[in-house]
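Asker: Sequence:
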Amino acid sequence: MNYKKMGKRFLSRLLSMAIILAMLTPQVTTTAKSISTKDKNMVELQILATSDLHGRFISYEYASNEATTTGSLAQLATAIKEQRKLHPNTILVDNGDTIQDNSSELFLTDKAHPMIVAMNELKYDTWTLGNHEFNYLPDLDHILKQSKAAVLCGNVYRPDGTPLGKNYKIINKNGVKVALIGMVTPNIVKWDEQNLKGWKVTDPVTETKEIVKALKGKVDVFIAVEHMGIDSEYGVTGSGITDLANEVPELTAVIAGHAHSQIPSQIINGVLVTEPGSNGQALSKIEISLKKSSSGYKVVSKNSELILMNDTKTGKVYEQDETLSKKLAPFHQKAVDDANSKIGQLINGDLVPEDAIPGIPTIQIQPTALISFINKVQKEYGKADISSAAGFRTDANVKMGTLSKADAAKIYKYDNTLYVVEITGAQLKNYMEWSAQYYNTYKPGDLTVSFNESIRGYNYDMFSGINYTIDISKPVVPTDTVKSGSPHLHFASSRIVNPTKADGTAVKDNDVFKLAVNNYRYSTTLKPMFGDDIKVIYKSDEVLGDKGRIRELIVDYISKNKKITNFIENNWKLIGMDWSETDRKELSAYIDLGRISIPVSLDGRTPNVRSITIDDLNKLRNEEKGKIRILTFNDLHGNVESTAKEAGVANLAGRIDLYRMINPNTIAVSAGDNYQGTAISNILYGAPINDFLKIANVEFSAIGNHEFDWGRERIEAWENGNDFAFLAANIYDANTNTPVAWAKPYAIKKINGIKIAFIGFATPETAFKTKPSNVAGLEFKDPAEIAPQYISQVKAEGADVIVALTHLGSAQDSKGTITGEAADLAKRITDFDLIISAHTHLLVKGEVNGTPIIQSGKNGRDLGVITLNMNGNDLAGIDMELLPIGSMNETNKGNPQVIQMVEEYKKQVGKELDVVIGQAEKEYPHDRFTNVSELGEWVAEVMRQAGRAQIGITNGGGIRIPVEKGNITIGTMYSLMPFDNTIVTLEMKGSDIKKLFEHGIENKEIGWIQYSGIKVFYNPGKPYGQKVNSIKLMDGSLLMMDEYYSVATNDFMAENGDNYDFSKAIEVNNTNIPIRDVLIQYIKEHGKLNFNSKNVLIEGKDISANQKDIIKGKKAA
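In mature numbering (1 follows the signal peptide of the UniProt record, and there is no 0), the protein residues as written are -28 to -1, 1 to 1089.
Some clues are possibly wrong.
Claimed, not checked - Quick list of the computed label-pair ranges, beta carbon to beta carbon:
| id | residue 1 | residue 2 | range |
| --- | --- | --- | --- |
| 1 | K507 | K270 | 55 to 61 Å |
| 2 | N939 | N1042 | 30 to 36 Å |
| 3 | D111 | K532 | 23 to 29 Å |
| 4 | T209 | P60 | 39 to 45 Å |
| 5 | E222 | P571 | 38 to 44 Å |
| 6 | S764 | G822 | 18 to 24 Å |
| 7 | E595 | K937 | 46 to 52 Å |
| 8 | E38 | P416 | 28 to 34 Å |
These are calculated hints, taken from the structure and not from any lab test.
The C-beta atom is built at its ideal place from N, Cα and C for all residues, glycine as well.
Starting from the given sequences, assemble the full structure and let the hints guide the process.
Answerer: Listed below in C-alpha cells is the structure:
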C-alpha cells in the first residue's frame, strides 16, 4: 500500500469516477438456494458425497504425528449433520480409497476398522470401492462385512464369477427413486495385478450404460458414484468420467474421485459432475429439484457445490463432531501409540536438505540421503544389483534424531511391496529414459530446472547401484506410436549419458541385472514396457506377507541397525544447463522474498511446471529501479538464537541479505532495545548482538530504554566497537541542558544520489522505564519540541527524505487507528516522511496525519520493509510491509557468518545455560497486561522469603517469558529474569503501599503489579487511584494505613521505576542479591516448580472488613 498523500484534485477525480462506476455497475445479489418448497408436486433431493478419505477418520496425520484442521470424517460429520437438519431428503455416499493411508493398515484384521465404524455411525447409504481398496484384497472381505452401507463395485468379478460388490442400489426419497451406480477405474489391473490374478475387471462405462438401460423408466434419477477422475488414464478408454458422461447422458449427476481434484460443479454433455478432493477436505453437495408428472418425477434443476472443512477464504473451520470423535478415540490412541513407537536414530544430519529454491523440491533434482536409503533397503532385502525409487512427497524428509514408526511413513508413504526383476542393460536404459522425461527440456535463458506438468512426481524414479547423468538440454525421443492420452514406453537414447556400473565399467545392452522396484512400478511401467521379456524373481509379499511392504522393510532395517546415517550415494546429476550462478542467486532471493513463485500445475499436484527465465528476472530488476529500501527491526532484546518462537539473528541477517541482493540501495536500521533480554546476550553484555549488527551492516539505531540497563557507558562502548551510530536528538545533560555527547542527534545517508536524514528519538518514558540511577542526570525531552530544529538543519544540508528513527511507542486497533507516542509526534510534526516506532512490541503499519508509521513487533520476529519510490530526487510514495522472519527457519537462509558467530558464542556459554535445575510441573503463563499471574506471584513470594519481609512486590514487565511445562534450565531463568535486578528490602507505611497498588492494578501502560504476602480487594470499574477496597495480610489482619510493614522489591522499583512511588520508604537496603539467583536456588532446592496461587487478587469488597475505616483511610486498607 502506498502511503504518500495524493493531491486533492486527483482524489476528487477518483471519487467522481467511483460514483459513475457505481451507477453503471449492475447490482447483483447472491443468496443461498432454499431447499424447501410449498409446491406439493415438487421434491427437493440432496446428495452428499465424500471420496478419497485415505484413512482420515480423525483430524490427525499419523505420519507427521500432528493434529490438523484440514479434514477428516470427524469434521465431515459436523457438516453432514448440519446439512441433514436442513434437508430431510438426503443421501450420503462415499466414492472409495477409504481404508488406505494414515496408519489405516493397523486395523485391517481387527474386529472393527475406524473408517467403517465412522461411516456406519454416519449412516452412509453406499460405499463405492476405490483402487486402493485392492491393495488389501486378502483382507478386504473382512472389511466389507463390517459395512452397513451398500458396497458398490459393479465392474469387478471374483475368480468364481460373482461380483465383488453390487452394481447399483435404489433408494426411495419421498417418492423419488434414485439409482446409485458404483464402479471403479479399470486400471486396478495395472496397480494390483498380483492381487487380481484370476479376477475379471470390466469397462465401467459399458457396465453403467447397461444398468441405465435396464432401469430406465423404473427410477427417476441416475447418480453415478464412480472411482475415476475426469480424464482417462494410460490411454484406457472408459477410465475417466468424461468418457462416462459422453456415453451415458441419461445420468443426472456423477460423483468423481481418484484424481484428488476439488470440482465444485462441472457440466459434461449435460451431466452434472462434482468431486470432493481428498483426505476429507471437502464434502460434495448436489441439490436436485424434481417435479411430479404423470410418468414419474422429472428433474427441473440441479446444481452442486463443495463444503470445505477449512475454508481459507472465509476462515470457517468445521470442528470435529464430539460424539463421533469419542467413539473413534480408542482407534486414534492406537494409531498415535504406533506412530510414537521408537525404532532407532538418524545421525549426522537430515535425510533431505532444505530446498535451495522454495517450490523446487530438492528430492527430485539431486541425490539425497532419503532416496539413497530407500534404495539401500530395497537392494539389501531383494538382494539386487540396482534399485529404483521415487520421492512420493515433495516435502518428504526426516530430521536428525530419534526415529519413530511415523518417520518410516515420511520416508515411504505408500503400501507398495518389493519386486526384483531380471533386466537387461538395454531395457534398463529405456526405463531410465522413461523416468528422465519428468524434466522439461532446458532452453537457453532458463534459470531453473522444471518438471513435465503431465507427469506426477511419484512417476520419477532415481536409481542406485549405477552411475549416470541426465542431460536435460536433450529432447525426449519416444520411438513408439501410441494413441492420444497414452504414455510413451519406448525411447531412443538421448538424455541418459554414460551409464556405468558401480565398478565404473560401461553398461552394455546385453548385461543382465537384478533390479529392485516396487510392485506399482512393475505393474504400471515395466510390465507394459517389456511384457514377458522381463522376469520377476522375487516378491516380498509372497515371502513375508504384510511385513513385505517396503515401509515395513524400512522399519525392520532401522530396528535391527538401531542407527542410520544421512549417507548420499551421489551417483547421478543433471547436466546441460548453461546459466549464470550469479543470476540464479539473485533470482533465488526474489523467490525467497515472495516476489515471484515457482509455477504449479493447474490441479496443484505437480510442482515446478515451468522454468523461471532471465526475462522473468529482468522484469523483476526493472521493478526495483528508482526504489530505495529501508529495513527496520526493534526491541530485539538479545534474541540471538533461533528457537521455536524466535527467528534468531542469523535468520534476521539472512533476510536483510536477500533484500540487499535484489537492491543494493538498501539500508538497515534498528529502533532500539537491542541487547538486553536473553541469557546468551546478558552474560556476554550484548557482544553477540553487537557482532550481528556489524555483520548485517545495521547503520543506525535509536536508543531504547533498555540500552541503559547495564549503565550508560555501555552505549558508547557498543558504538565504538561497531560501524553504526546511536541516534538520539532528545537526550540532554540535565546539568548543562545540552545534548549528550555520546549520541548523535541525526545522520544523513546518501543512497543512489538521494539524501536520507535519520533523526533519532528516545522515549521520554526512559526516565522511569529503566533503573533510575542509570539515567540520573539525564533529561529525555519531548520529541515534538526538539524535532523542528533538526528538521530545519537536515533540510539545510539537502535532505530529500526525513525519517524519525525512534523508540517511541505505538499501537493500532482493529480499525487501523494508530495511537501512542509515535502518533502524537505525527500529529504535532508534519515534516517527517516516515516515523519508525518501537517500545510497545506491537506490529503497526499505517499513517497518522498523512505520515506513515511502522513498528516491527519484537524479538526480531518481523522485519519492517519500507520502500521509498523515488521520482528523481522527489519522494513519489512509500510502500510498507511487515515480513515475518520465522519462515526463514524453514528455508534455511540464515547468514552463514552470523550462524557461525552464534555457534561460537553458544559454545562459550552453552554448558552453563543448558544445565537442568528442575521441572515445571505445569505451564506458568504470564502476560503483564492481563492480571496478576501465578508466575508473578511465585517470583514475588521467593523475593519475600529471601528478604524476610511481610510483602513481596515486583513489576510485571520484569518477568519476560512464561515458563513451559517440563525442564527448567539456567537459560530459562535468564530469559525469565534477564535484567540483573537485585532484591531491595525496605519498610513502608500502609497508606504508601496502598498507593503502589492503586498505581499497579489495571495499568495499561506498564502492566499489572505482581505480589505476594497480602490479599487485595478491588473494584475494576473504578477510576485510577480509587480501585483498592481493602488489603489484608495473609493472617487475615487488615493492612493499617498508619503502620509500617516490611517489603521486598527489586532495585528498579525501589528507585521509582515504572513511576512506582517508593520515595517515602525507610530502612532501604539493597541486598545486592540478584533475583534470578534466588529463583534458581529455590528450584534447585525443591527440584521442581509446583507453585499454586493463594488467590491474592479478589474482585469486589471484603465483606469482613470495616468499610467505614477503609473509606476514611485512617486505620486500614
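Asker: Each hint: holds or not?
Answerer: Tested hints:
no., hint, verdict
1, K507 x K270: 55 to 61 Å, "59 Å, holds"
2, N939 x N1042: 30 to 36 Å, "32 Å, holds"
3, D111 x K532: 23 to 29 Å, "26 Å, holds"
4, T209 x P60: 39 to 45 Å, "40 Å, holds"
5, E222 x P571: 38 to 44 Å, "40 Å, holds"
6, S764 x G822: 18 to 24 Å, "20 Å, holds"
7, E595 x K937: 46 to 52 Å, "48 Å, holds"
8, E38 x P416: 28 to 34 Å, "44 Å, violated"
Consistency note: the structure conflicts with earlier hint 8 alone.
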